[in-house]
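Student: In case you want the letters, here they are:
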Amino acid sequence: MQISRLNRGDGLRRAIFGLLCAGAALFLIFGPFFLSAYWLRILTQTFMFAVLAQAINIIAGYAGYPAFGNVVFFGLGAYATGVLVVKFNATFILSMMVGIGICLFFTLIFGLPVLRLRGHYFAIATLGLNEATKALTDNLTALTGGGMGLSLPLIPGDVETNSRFFYYMFLGTMALCLLVTHFLMRSRFGYAIRSIRSNERSAEGMGINTTRYKVLAWMVSAGFTSIAGSLYAYWMSHIEPAIVFDMAIAIKAFVMFLLGGAGTLLGPILGAFILETVSTFAWSHLLNYHLATLGVIIIIIVIFMPRGVVFFLQERFFLSSLVKKIREERTV
Amino acid sequence: MLFLQVLVNGLLSGGLYASVAIGFSVIWGVMNLINLAHGSMVILGAYITYYLNASTGIDPFLTIPVSGAVLFVFGYLVQKYLIGHVIEASVLMMLILTFGLDMFLMNMNLRMFTADIRSITPVYAGLGIQLGSLRIPYTRLGVFFFALTLTLALYLFMKHTKLGNAIKATSFDSDAAGLVGVNVRQVYALTFGIGSCLAGMAGSLISVMYSFSPIHGAGFAMKSFVVVLLGGLGSIPGAIAGGLILGLAENLASVFLEASYKDFISFVLLVAILVIRPRGIFGKQFYADLKA
Chain A
1 MQISRLNRGD
11 GLRRAIFGLL
21 CAGAALFLIF
31 GPFFLSAYWL
41 RILTQTFMFA
51 VLAQAINIIA
61 GYAGYPAFGN
71 VVFFGLGAYA
81 TGVLVVKFNA
91 TFILSMMVGI
101 GICLFFTLIF
111 GLPVLRLRGH
121 YFAIATLGLN
131 EATKALTDNL
141 TALTGGGMGL
151 SLPLIPGDVE
161 TNSRFFYYMF
171 LGTMALCLLV
181 THFLMRSRFG
191 YAIRSIRSNE
201 RSAEGMGINT
211 TRYKVLAWMV
221 SAGFTSIAGS
231 LYAYWMSHIE
241 PAIVFDMAIA
251 IKAFVMFLLG
261 GAGTLLGPIL
271 GAFILETVST
281 FAWSHLLNYH
291 LATLGVIIII
301 IVIFMPRGVV
311 FFLQERFFLS
321 SLVKKIREER
331 TV
Chain B
1 MLFLQVLVNG
11 LLSGGLYASV
21 AIGFSVIWGV
31 MNLINLAHGS
41 MVILGAYITY
51 YLNASTGIDP
61 FLTIPVSGAV
71 LFVFGYLVQK
81 YLIGHVIEAS
91 VLMMLILTFG
101 LDMFLMNMNL
111 RMFTADIRSI
121 TPVYAGLGIQ
131 LGSLRIPYTR
141 LGVFFFALTL
151 TLALYLFMKH
161 TKLGNAIKAT
171 SFDSDAAGLV
181 GVNVRQVYAL
191 TFGIGSCLAG
201 MAGSLISVMY
211 SFSPIHGAGF
221 AMKSFVVVLL
231 GGLGSIPGAI
241 AGGLILGLAE
251 NLASVFLEAS
261 YKDFISFVLL
271 VAILVIRPRG
281 IFGKQFYADL
291 KA
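These protein sequences, in sequence, are chains A and B.
Using our numbering, read the first sequence as starting at 1 and increasing by one per residue.
Using our numbering, read the second sequence as starting at 1 and increasing by one per residue.
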């Protein structure tokens, strides 16, 4: 099931959908000129989570491997930037590249053994990798500053320019991530990993080198997560192992990805916007109960939209997809 | 002699890990549900003991049945009226659901009990058995004893009662169990109740040994993952073995490396066991692989 199915048939709705997307894109591009600093910051964070959720979508949604501990790449990216900038005076771009390199190496080394596991077992193994890396970062005090964390040099320039800079950096990363995912899914790679999701054995029988494509998918996912981590380190200018390797980040991104719709292009982004908006509301209006509010909302969504918002909307507003679903159910 | 003390400490904390993990293991093994709210349930049990102890001065070990009963009712209701209604959701969605539940519970724990770190000091807290230079505090010994007793009780319950057999049958094949007259929904609710009950009782044990606050639940949930996967999903002897191995590994690591490498060791162990033997030491193929 692809969101591109939205575009087949249902002509008027297709046009409305296109207009909505264009409107949203324009709004985001020109946002910094009329939005308050508060909302800019919230949007920046939303873009960051959208990248993380989309990265999870690539490995978990399309390839079917629930990389629960994907936040390890966020932390590695953040620490690559932090350590290189603070201890070695490197430039941001260089540190980001090194971060990506470390993450690709990490997936190559651990991907081979760990991607042999499936379902829960894979999810927990990635969680273990994250916790082990976090504990190691905590202990290598000479290099990483240990539990005290690392403070990056402040970026010169006024606050407003900087907040716009990070806004556009994260927006750009999100757009890049969206484009890459879009084109990858139309390529041989995209078909390969989706066939792995539906049935790995038969994919292998068809001559697909499943190991190679699984590792590649995880690499793409890790690369984007790492970029988000590098940017985050520079944005926050202070990082600690407990913050950048926090499982809560991974789980939040995972919730966004499932909320929006697994294996759809726009789902994770939609999920990020919904969850961030709700959690901002919960923070500002129900401070003492914001966790509980979020928890209840997650529970309600799972109960009423167990397949995610995109599928939920598709079934409501697009007749063709409803017909398709009924047909699929009949054949099954 | 230091080495022997480390071994004993490792075994003693391993017993506690086993008791924390066993409820988690039962729910996962039988219902194929990873209960991320486990940590918060454990902490809830710890608070029940804390407040009973603080208000009436009752011995913490005697409060175990109370926290077990409260959590049993809670778990039963949650499964019957919340989780049981979500049928068509994927396994991952269920993970998210229990995560939402955990957020809710943690928030409620924070509101009800505040974020202050609590601990219980019974009168015999400083006392212990002295064997040469080896020292075993009574509290740790008591925790170990109760942890093993609870586990044994669960084992006997599963093996010899009708309900226990129904639970096992449901975990092998819920459709077939339904066909021979098992009320699967009821069994699930009871299983979740039993898992929560064990979590609550483990929480009482924790309160004797460690200081705790609402946010400490997550750490125990993580440890449960390691223990369950080490020992094997749904396997009761496996949970004991997994708990003891984890306890030993952590304590040995703190002697030979540094105490702060404890977490590193336990998660390296987790990844290693998953890669080498995914079903765990005592795990059987059918418990999880069929459903994965």
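In short, the hints are calculated from the structure, not lab data.
Backbone N, C-alpha and C fix where the C-beta goes; we use that ideal spot for every residue, glycine too.
Heads up, some of the hints might be wrong.
Stated by the list, open to error - Partial list, derived from the structure: chain A residues whose beta carbon lies under 10 Å from chain B: (1) F92; (2) I93; (3) V114; (4) Y121; (5) G157; (6) I251; (7) N288; (8) T293; (9) I297; (10) I298; (11) F312.
Claimed, not checked - Some chain B residues near chain A, calculated using beta-carbon distances under 7 Å: (12) Y76; (13) F146; (14) P278.
Student: So, for every hint listed, does it hold in this structure?
Tutor: Comparing the hints with the structure gives:
no.	hint	result
1	F92	30 Å, violated
2	I93	32 Å, violated
3	V114	7 Å, holds
4	Y121	5 Å, holds
5	G157	37 Å, violated
6	I251	6 Å, holds
7	N288	6 Å, holds
8	T293	8 Å, holds
9	I297	8 Å, holds
10	I298	3 Å, holds
11	F312	13 Å, violated
12	Y76	17 Å, violated
13	F146	28 Å, violated
14	P278	5 Å, holds
Checked against the numbered hints given earlier, this structure breaks hints 1, 2, 5, 11, 12, 13; the rest are met.
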